[in-house]
Structure formats: C-alpha cells, structure tokens
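Make the full structure from the sequences, and use the hints.
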Amino acid sequence: MNTFHQQILSMIDQVATEYSKEALSYVGSPRPYYNINVPSQRNIAREFLKTHPDLTQKEFETLLTSLYNGKTFTERTMPGFLLQYDNDHRHALDPQILNSWIGQLTGWCEIDTTCQAAFSAEDMLHNWNAWKKLLTQFSKSNDISKRRASIVLLNKVVQNSPDHRCADVAFVNVDRLKHENDILITKAVSWILRSLIAHHRTRVKKYLTDNKDALPKIALRETQNKLKTGTKKPK
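Residue 1 is where the sequence shown starts when you use UniProt numbering, and the numbers rise one by one after that.
A hint or two may mislead.
In silico lysine to any residue, SDA-like type, Cα no more than 25 Å apart, as pairs [as the list claims (entries may be wrong)]:
| # | residue 1 | residue 2 |
| --- | --- | --- |
| 1 | 156 | 172 |
| 2 | 58 | 89 |
| 3 | 232 | 172 |
The following label-pair restraints were derived from C-beta to C-beta distances [said to hold, decoys possible]:
| # | residue 1 | residue 2 | range |
| --- | --- | --- | --- |
| 4 | 180 | 231 | 19 to 27 Å |
| 5 | 209 | 52 | 45 to 53 Å |
| 6 | 232 | 206 | 18 to 26 Å |
| 7 | 6 | 228 | 20 to 28 Å |
| 8 | 176 | 7 | 36 to 44 Å |
| 9 | 228 | 137 | 34 to 42 Å |
| 10 | 211 | 231 | 20 to 28 Å |
| 11 | 71 | 49 | 19 to 27 Å |
| 12 | 65 | 38 | 16 to 24 Å |
| 13 | 172 | 26 | 28 to 36 Å |
| 14 | 198 | 30 | 33 to 41 Å |
| 15 | 104 | 7 | 16 to 24 Å |
| 16 | 201 | 54 | 40 to 48 Å |
| 17 | 38 | 183 | 18 to 26 Å |
The set of hints was computed from the structure by calculation and includes no laboratory data.
This one's a predicted model, so the numbers in the text were calculated from it and none came from an experiment.
Even for Gly, the Cβ is constructed at its ideal location relative to N, Cα and C.
Shown next as structure tokens:
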C-alpha cells in the first residue's frame with residue numbers, strides 16, 4: 001500500500017460509519033467493506049485530487065493499482081471515482097493497463113464502478129486502435145469480469161456518441177457473448193442494446209430480428225420494451 005493509498009483509506013475511515021468483515025452479497029463482491037455511501041466516495045475522490053494537483057501520471061497509475069489490490073470492496077471501487085474526476089490522467093492512460101486492473105474486480109458493482117461511467121467517447125476515440133484491441137481482447141477472455149467489461153465500457157460511449165466504430169465493436173462483442181447464461185453477461189447485453197438505441201435505433205431493431213432466438217430472453221424483452229415505450233419495464 002503506497003502513501004496516497006493510505007491517505008485515501010484514512011479519509012474513508014473518517015467518514016464510514018462501520019467496517020464490516022462480512023461481504024455485501026448484493027453487489028457480488030466477496031470482500032469486506034466500509035459502510036460509506038457513493039456521494040461520500042465521490043467527495044473523497046474530488047478532495048484528494050484537489051489537494052494533490054501535482055500528481056504525476058506514474059503516481060496516479062500506481063495509486064490506482066494499489067487500490068485495485070486493496071483488501072476491501074470500498075478500496076476497489078474508489079478508482080472508478082478517481083478516474084471520473086481526473087480527466088487529464090484518465091485521458092493519458094494506455095488502455096492495456098485495464099487488463100490488470102479489471103482482473104482484480106469481482107461482481108457487477110466493482111466492475112461497473114470503473115467501467116460504466118469513467119471513460120468517455122473522447123477518451124476512446126483519440127486512441128481508438130488501442131481501445132478496440134482491448135475491448136475485443138476482453139470479450140474473448142476466460143475472466144467473466146473482463147467479458148462484462150467488454151460491454152459495460154461501451155455503454156456510456158455508444159449512448160453519447162454516434163460514431164459507428166464504437167457501435168460496431170459493441171455489436172460484435174454482444175454477438176460473441178449472446179449465448180452466455182450468467183446474469184453478469186445477460187444483463188450487460190440488455191444494457192448495451194438499450195444504450196445503442198440512442199444513435200443506432202435501426203441497427204438495434206434489425207439485430208433483434210436477426211437474433212431473436214439467440215439473445216438472452218431478458219435482453220430481447222427489455223430492448224423491445226425500450227424501443228416501444230422508452231423504458232425497459234413499462235408500467
């Protein structure tokens with residue numbers, strides 16, 4: 001654990017109401033956790049970055065690596081918030097560093113805190129070849145966390161950007177994973193198809209028609225509902 005990691009852990013300990021050795025079964029993580037809410041984690045990330053304006057790229061990456069190897073669920077979700085609020089360091093990352101980082105995550109919440117909102121279309125498109133390689137690599141991984149990441153990393157991107165390159169990889173990854181039954185994958189497939197509707201509605205409709213017997217039933221149902229009503233679960 002490096003000095004910066006220790007500082008963040010101290011900030012967590014000051015805010016948390018308790019430390020539990022029992023895992024949070026709902027989030028799918030097997031690790032102990034600090035009882036601290038998401039807004040507090042966001043505040044810690046912002047305060048840490050505000051008080052360390054001269055943090056180098058190497059120091060930033062070393063800190064995140066240390067947190068991703070932390071003993072608790074709370075430590076392993078903190079990097080996602082630091083990534084969200086540090087645009088310069090995030091933008092300068094070599095995408096391949098995520099190969100080791102995501103490999104330390106278990107359960108939908110640990111994965112999604114890093115993958116769902118931290119990376120923007122701008123982050124990916126300025127270094128697209130490297131990102132495409134990583135996303136394809138993840139979709140073929142034996143590690144289910146990386147397979148989920150291959151989809152979730154694109155959710156925000158395809159929802160916010162009309163760039164066909166991101167959508168192309170999203171559809172290819174869905175096609176590669178559509179036969180899996182684990183909820184970590186079936187829910188991710190549903191999520192990305194619904195996100196793709198924002199800029200690729202016609203492609204999503206055709207994909208559903210062509211793959212109606214192959215897609216997870218939940219993905220087919222929720223995406224069809226989104227197309228018809230604007231929500232995955234109409235009232």
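Now for the hints, and whether the structure bears them out:
1. In summary, the hint linking residue 156 to residue 172 is supported, as the alpha carbons are separated by about 17 Å, within the 25 Å threshold.
2. Pair hint residue 58 plus residue 89 holds up; C-alpha atoms about 9 Å apart against a cutoff of 25 Å.
3. Only pairs whose Cα atoms come within 25 Å are accepted, and residue 232 paired with residue 172 is accepted, the gap being roughly 22 Å.
4. Taken as a hint, the range 19 to 27 Å holds for the pair residue 180 and residue 231, whose Cβ atoms sit roughly 25 Å apart.
5. Our hint of 45 to 53 Å for residue 209 and residue 52 holds, since their Cβ atoms are close to 52 Å apart.
6. With their beta carbons about 19 Å apart, residue 232 and residue 206 fall inside the hinted range of 18 to 26 Å.
7. For the pair residue 6 and residue 228, the beta carbons lie near 52 Å from each other, so the given range of 20 to 28 Å is not met.
8. Between residue 176 and residue 7 the C-beta distance comes to about 41 Å, which sits within the given range of 36 to 44 Å.
9. The beta-carbon spacing between residue 228 and residue 137, approximately 35 Å, falls within the hinted interval of 34 to 42 Å.
10. A hinted range of 20 to 28 Å holds for the C-beta pair residue 211 and residue 231, which are about 22 Å apart.
11. The given range of 19 to 27 Å is respected by residue 71 and residue 49, whose C-beta atoms sit roughly 23 Å from each other.
12. Between residue 65 and residue 38, the C-beta spacing of about 22 Å keeps the proposed range 16 to 24 Å intact.
13. Between residue 172 and residue 26 the beta carbons are some 31 Å apart, a value that agrees with the proposed interval 28 to 36 Å.
14. At roughly 35 Å, the beta-carbon separation of residue 198 and residue 30 lies within the given 33 to 41 Å, and the hint holds.
15. Checked against the hint of 16 to 24 Å, the C-beta distance between residue 104 and residue 7 comes to roughly 20 Å, which is consistent with it.
16. At about 46 Å, the beta-carbon gap between residue 201 and residue 54 stays in the expected band of 40 to 48 Å.
17. For the pair residue 38 and residue 183, the supplied restraint of 18 to 26 Å holds, since their beta-carbon distance comes to about 22 Å.
When the structure is compared with the earlier hints, a violation turns up for hint 7 alone.
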